[in-house]
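Q: Each chain, written out:
2 protein chains.
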Amino acid sequence: MAAETPAAGRSGVLKHIVLARFKEEVTPERLDHLIRGFGGLVNLVPSMKAFNWGTDVSIENMHHGFTHVFECTFESTEGVKEYIEHPAHLEFAKEILLAMEKTLIIDYMPTAVNNS
Amino acid sequence: MAAETPAAGRSGVLKHIVLARFKEEVTPERLDHLIRGFGGLVNLVPSMKAFNWGTDVSIENMHHGFTHVFECTFESTEGVKEYIEHPAHLEFAKEILLAMEKTLIIDYMPTAVNNS
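So the protein sequences, as listed, match chains A and B.
Going by full-length UniProt numbering, the first sequence opens with residue 1, and the numbers climb by one from there.
Going by full-length UniProt numbering, the second sequence opens with residue 1, and the numbers climb by one from there.
Wrong hints could be hidden among the right ones.
The list treats identical chains as one, so a pair stands whether inside a single copy or across any two.
Claimed, not checked - Distance condition first, Cα-Cα at most 30 angstroms in a straight line; then the derived DSBU-like pairs of lysine-lysine:
#1 K23 x K102
#2 K94 x K49
#3 K102 x K81
#4 K23 x K94
#5 K23 x K49
#6 K94 x K81
What the hints contain is simulated information worked out from the structure, not anything from laboratory work.
Could you build all of it, start to finish, from the sequences and the hints given here?
A: Okay, here's the thing in structure tokens:
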């Protein structure tokens with residue numbers, strides 16, 4: 001696979017994408033608490049630089065049942081490893097994974113294609 | 001589900017995320033051509049504002065077999081609808097979908113959680 005091509009415009013950051021579908025019994029209040037907790041990791045894990053989230057608004061019906069997207073930004077692959085092993089993340093991950101019916105996690109280093 | 005909470009820091013853009021796994025027979029040259037074609041839609045579809053891509057570098061083995069991430073940025077939900085219906089996208093989508101073994105598409109409006 002051509003993992004490194006076309007490689008114009010590598011931004012140097014690593015995006016850590018978590019897709020989730022939560023269990024039916026998770027109340028809006030519980031979900032709100034979990035999302036605030038996820039965002040709060042930015043203040044606890046030094047290598048985590050940004051956190052954004054949103055709910056699925058796609059219109060093509062190819063979302064495989066996932067309803068939530070969480071995007072964490074790190075400066076490097078080492079940064080995401082630090083995050084995964086950080087006690088604050090380990091504690092939070094245990095809590096949020098219990099609330100999830102299904103989860104998909106994929107990391108990538110965003111590159112813009114330069115066609116000009 | 002608490003779709004709108006906690007809603008601090010809504011950025012106003014729409015992120016269109018495509019996860020893919022390509023068929024075994026897709027050569028690196030073919031893949032390179034397809035990725036350049038995907039990025040080239042930025043120049044053909046006015047509502048598409050940015051394109052980034054990357055290959056999976058996750059270490060948690062929760063990527064469900066997906067190997068590629070493509071992220072398109074639009075200014076609104078209307079923008080992504082224009083993109084989906086645009087002739088340049090329709091022609092390209094037919095080509096790239098044929099090369100994909102599996103595909104997941106999810107759109108969201110990124111919101112940063114404000115914990116301060």
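Q: At most 30 angstroms between alpha carbons: which applies to K23 and K49, within, between, both or neither?
A: within (28 angstroms within a copy, 35 angstroms between copies)
Q: Quick one: K23 to K94, C-alpha cut-off 30 angstroms, is that within a copy, between copies, both, or neither?
A: So K23 and K94 pass the 30 angstroms test inside one copy only (15 angstroms; across, 35 angstroms).
Q: Is it within, between, both or neither when you check K94 against K49 at 30 angstroms Cα-Cα?
A: within (21 angstroms within a copy, 37 angstroms between copies)
Q: Could you place K94 and K81 in one of the four classes (within, between, both, neither) given a Cα distance threshold of 30 angstroms?
A: Within one copy only: 17 angstroms inside a chain, 37 angstroms across chains, cut-off 30 angstroms.
Q: Please sort K102 with K81 into within, between, both or neither, judging by C-alpha distance up to 30 angstroms.
A: both (22 angstroms within a copy, 27 angstroms between copies)
Q: Can you tell me if K23 and K102 fall within 30 angstroms by alpha carbon in one copy, between copies, both or neither?
A: Intra 8 angstroms, inter 25 angstroms, cutoff 30 angstroms: intra and inter.
Checked against the numbered hints above, the structure violates none of them.
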